[in-house]
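Got two chains here, each in a separate frame; can you build the complex from them with the hints?
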Amino acid sequence: MKLTRTARRQAAPAGIAAVALALTLTACAGAGGGGNSGAAGSDGGPVELTLATVNNPQMKDMEELKSAFEEDHPDITVNFIQMEENDLRDAVTKDVATDGGQYDIVTVGSYEVPIWAQNGWLTDLSGDLESDADYDVDDLFEPVKNALTVDDSLYAVPFYGESSMLMYNKELLDEAGVTMPEHPTWQEVADIAREVNSDDVDGICLRGKPGWGEVFAPLTTVVNTFGGAWYDAEWNAQVDQPEFEEAVQFYVDLVADAGEADPVSTGFTECLNNVSQGRSAMWVDATVAAGLLEDPESSQVAGKMGYAHAPVVETEESGWLWSWNLAIPETTQNRDAAVEFVKWATSKEYHQLVGTELGWSRVPPGARNSTYEIPEYEEAAAAFAPITRDIMLAVDPEQPGVAPQSWTGIQYVTIPEFQDLGNQVSQDLADVFAGRSELGPVLDRAQDLAQDAGDAQK
Amino acid sequence: MTALMTSPTRRRPSGAAPAGDSGRRGRLAVSRALLWPALATSIVLTQIPFLLTIYYSLQSWNMLRPGDRGFAGLDNYVSVLRDGSFLSSLGATVAVTGSAVVASTLLGMLFAVLLDRKFVGRGVARTLMITPFLVMPAAAALIWKWSILDAATGMANWGLGLVGLPPVAWNTELPMLTIILVLTWQYTPFVMLILLAGLQAQDKDVLEAAAVDGAGALRTFGEITLPHLRQYVEIAVLLASIMLLQVFDPIAIMTRGTGGTKTLSYLLYERAFVGLEVGEAAAYGVMTVLVTIVVASVALRTLFKVFSKEGIDR
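Residue numbers (this note's numbering), protein chains in the order written: chain S, 1 to 458; chain F, 1001 to 1314.
This is chain F alone, in the form it adopts within the complex (with noise of 0.2 Å):
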């Protein structure tokens, strides 16, 4: 960090050099017409939908009654507040996202720290590391109920069993604990990955220093390589939030809702396919998207600022 900041030469398409305003003006116009077919299509892909969302959510219309819809005004948005749903959905939401995202983080740690080492099969272990983040969710949700979790058959049981601890019925007395399991487990490569490209970003230079000055091995940690990966833990954690709130394959192949781990998507996907109320579920949506711009804007924001400090800082 010692160079001096030069402030970037920008650069001049060669043979453009001093042309004229009108020409400028020319290719402005130029860039903005090629900008608009994919501006339009974003409009037309998300705003579109997202009114026509807003307008069933004013509509009372459950599929299987075609003959009893009509305009409901806020009745949707009244019935969702007042349920009670929507607030337990979303702590829900925050208690399964955020234990994963911190266990995730943890071990994701753990593991870039381990796997920094140089050692024989390095290579190898790093592809098995981040295996479980490249295995679809649904079929990680069916090997984790069917291989790992099976009260009767399943590996944890096995392995409770040679400690000697009783069996668990994973799915019914510990629901919560057991989508936390699979998604950290499916997650902690990804966290991983982004720690492990900080850890090797790290300048051998200083660690050396650090030991040549007598510095341990914890303390190096803590006082040099903690420091050097808080924005890369940052931007793991702010990915794996938005990638984790999403979440729906094992809850919906596991627990089902059940025992607190009715998440938001969950939630969304029961009002609009099992109860096929079409106005209580986009009222929902609608909700939803509203916490998810307050979230996602304060959560862009500070990836942004995250960036930047990352461009001066280089």
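Next up, chain S with everything else stripped away, as it sits in the complex (with noise of 0.2 Å):
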């Protein structure tokens, strides 16, 4: 879910000759794609839209690539306000939920996306989409359009998505002697792990670091796929399970004996640190990890990679579904122009004008299938692109595990205590990470919590 700064470096010197390339490009690409230049404010006049979006790498493509949208549409202006992930969610929460109609356009997080939609907040986009026969709706992946869709409208559109899978060091595992299969379960998984740990090198890296978006988006998946769940399909919280409990007692002992030495520490960046440098052999983490592994001037492992299939247990696949999305507020006063550029944005054209002015390999992935047909994308993400576009099309977030759920999302409840309940629990799981509690009373308490967040969706 978290992107590091990595891919911004390389921005600035392409940034001149992008934009004079970019007008000059859309010139063209505006007369047969869009069509739609003029249908700007309903007054008439110059419209002046605000993006809040999150400060990943692809975003801030983005608003070097907006001028050329601007070009296309002289009448309007669009204007960025870029924060950290955090920020952006309590700004942007405040701005929606007291009608403070600031934003034209936002950046949700997939599970918010529902939530928000249900609360009113966003406006339906299904209707402007079906009607562009150019923008091919149909394109978008089905999994991650399914987790943005409430009662069958469409509330946002993917800007990009992910989802996980296991990276290892092809090096040491061959050091080893060991051989990954493509569709490895944990318990291979947690062998291999044992057998390559080192002094020198972690056996895998997992992250450990307290957070709903931190530990428990790749343990929900580890959950999911030993056959746990945080509710059954009647929101009884199930905790308290012992396929909930074995998951959890696996994931926090394969740490213990062949993971990172500071769990509590380690999240996303701190795993592609250790990973880029050689000092941990394996990872299940976001498929994005795999596109800065694969960067020589920021990682010592490119080319020494491979890419497998999340671990499982008793599921097919056991990936998760992130994306981060565009989506509309109720209280924006200038929608028309807003669907405009959210079109423009995620449009086929706008993969190629990133792919022709910045790279090939900062398409935003994982939000089109044509995407994936593109020849220099294929080739720029070789090592990746497939199997990311396998998983990312194998993964049903309707229902990830074992026993259906009465909610859409993988690694996460889409209620609006989650947050909450993944932290709080998070938080109590680290004294199991050091030693200093049972699972067992951690679990206890974290049962008590699921279960009044539970009781508030019956």
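The hints are simulated quantities; they were obtained by calculation from the structure and are not laboratory data.
Mixed in with the good hints, there may be bad ones.
[Stated by the list, open to error] If you want the footprint, here are the derived chain S segments under chain F, 3+ residues with CB under 8 Å: (1) 92–102; (2) 203–211; (3) 252–263.
[As the list claims (entries may be wrong)] A few chain S residues that don't get close to chain F, going by computed Cβ distances all over 12 Å: (4) 126; (5) 142; (6) 183; (7) 236; (8) 336; (9) 352; (10) 415.
Backbone N, C-alpha and C fix where the C-beta goes; we use that ideal spot for every residue, glycine too.
In structure tokens:
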């Protein structure tokens, strides 16, 4: 869910050339592609859009290329406000929850989209997108789209998406004489991790940092594939069930035996650091990490990595599903112009634009099927693009675990209380990682917290 | 302290010698009127938000559930008191603040005494010693997390390795110590500065007399310097405690409230920005203000006592 700032570095030098090229390119694309220029403000005057977004590299690319859109729509200007993930969540939640109306377009994570849609905070985009054949709404990844759909209406469009997978250092595994299957089980991965583990190299890196979006992103997928879940279909908390406990115990033991030394400090960034310096042999995390590991500028293991589906136990797949999406709050005064921009930024043409202007490895991944058919992209991301696509199409956000669930989402429960619940439980889990408490009492307390949150849904 | 106390003669503004009653009243009215903008500003900036906080604390309001907003009476306060997080956070705050203040004071004293001596490069040493206090708390926490306490590549474990000790997973195994360490590092210079000022205000004649009488360094320090420094220590401890009570950055960046480091300020942040429970967070805020008022009124009174003594002694 989190991206480091490695990719930002490459942006500056290409900037000037990019803008110049962008102008010529969109002049062509605009004529045939959108064809809607001029549909801007309802009153016909110039429109200024305010876009609040997370400050990930892909979003910075979007800001860099926005002049192409503005060139094509002379009466619309787009102002970007970039924020840290947590600040963004906070600022945008406050704005939409209190009818602030400050933003015309917001970047929303897939966890919030259904919650906000049910609150009536986001406008329904289905009509606008379906009526435009060029936009090709069916090209969007089905599982991602499902996660953003409430009652058959699409409330946000994915800008880029990700799943999770197993990334492993082929060199280190070869040295130990082990091979990784393409669809490993958790038991196989644990065995390999313990085998490869040495004084200099950790067998595996798994997030342990407290936070619903930190440790509980991978850990919930482990719970799912062990046959556990946060809730059953009737919102009864399932945290005290043996499957949940078995999964968490497995995870904690694996980290203790063959994982990083300081799990409470370790999140996405820390694991990326460890793996890219060859200090961890394996890592189960976001698919976007592959792009960073394959970047020779920031990684010492570029070209040495292998990729496999996220390890499983009882399910077919156990990758998660996350996307950063563009949505339009109900409070906007400039809906038409905002729709124009959202369509542009998530269109096939935009992916072409990023590829030609900024480089093909920087095309936003995990949003459109057609992206994976662009020959240049296939070549630039050959190491991980095919498997990313396979996993993203294979995961099922409607039933990621063994039993049916009443929410859409894999590594989180799509209820407002979940970030608080996940956060509190993960803090208690830190004591288990440190050996200060037993898992049993921690999960008993978690069960109570989860049941309180579950009761609110009934 | 031999000089007689001379009562300060009150100076009158020149030319306004014995003005009449009405003139004085008029001037008083003007001075009062001049006070109003400041007073009004501080009321607007402090009291209105506080009243709003009390209002919110009586609401049941999760920001992500706009439909369920309503009057909750004292429910939020009941859940604050029943939950147990408040008390354990209060304990954590006292433990973290207390240990860091004590450690900073001891170290600050040590460094102040050392820096009070004349040696080559004293100015440079003093500047270097002060630096930690000038680093932004968030930046300091990041430096500690990545460069010093990182389990695999940090300097702390490298140093332990040199003397044959096993590496420590600081944030996981010793979260409380980690936070106290960072805070001590950051606040020792602050205490040191105040104590150094105290040391330099010390009467050199007294020290000389003690030396002539044959008192050793330790005896001089214990019998003369320490009593002289008492007031400075009090001020340093009070100010450091007030500042450390609000500490947030190292906890958010390093331990995330685990292992007994969830102080009141971090708990408040969590209720408001992770839980999005506006009502409950406001109730926690009001409770924190109440506790702070009790502590602060005691602390401020002591502080003023120290200052007033200072005035009499000089």
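Discussion item. The output says residue 415 of chain S does not contact chain F. Does that hold with a beta carbon cutoff of 12 Å?
Written reply: 9 Å, violated
Worksheet item: Are all beta-carbon distances from residue 142 of chain S to chain F longer than 12 Å?
Response: Given a closest Cβ separation of 27 Å, the condition holds.
Worksheet item: Counting residues of the stretch 92–102 of chain S whose CB is closer than 8 Å to a CB in chain F, do you get three or more?
Response: Answer holds; 3 residues pass the 8 Å Cβ test.
Worksheet entry | Non-interface label on residue 183 of chain S, tested against every C-beta of chain F at 12 Å | 31 Å, holds
Worksheet item: So is residue 236 of chain S really clear of chain F, every C-beta pair being over 12 Å apart?
Response: 20 Å, holds
Worksheet item: Would residue 336 of chain S pass as off the interface with chain F, using Cβ distances and a cut of 12 Å?
Response: 26 Å, holds
Fill in: Verdict on chain F covering the stretch 252–263 of chain S, where coverage means 3 or more residues with a C-beta closer than 8 Å
Since three or more residues must qualify, the claim that chain F covers the stretch 252–263 of chain S holds, with 4 doing so at under 8 Å.
Worksheet item: residue 352 of chain S: least C-beta distance to chain F exceeds 12 Å?
Response: 37 Å, holds
Worksheet item: With d taken as the least Cβ-Cβ distance between residue 126 of chain S and chain F, does d exceed 12 Å?
Response: Holds, since 23 Å exceeds 12 Å.
Item to complete: Verify the coverage statement for the stretch 203–211 of chain S against chain F, using a C-beta to C-beta distance below 8 Å and requiring 3 or more qualifying residues.
Response: Held - the stretch 203–211 of chain S has 4 residues with a Cβ nearer than 8 Å to chain F, which meets the minimum of three.
Hint compliance for this structure: hint 10 alone is broken.
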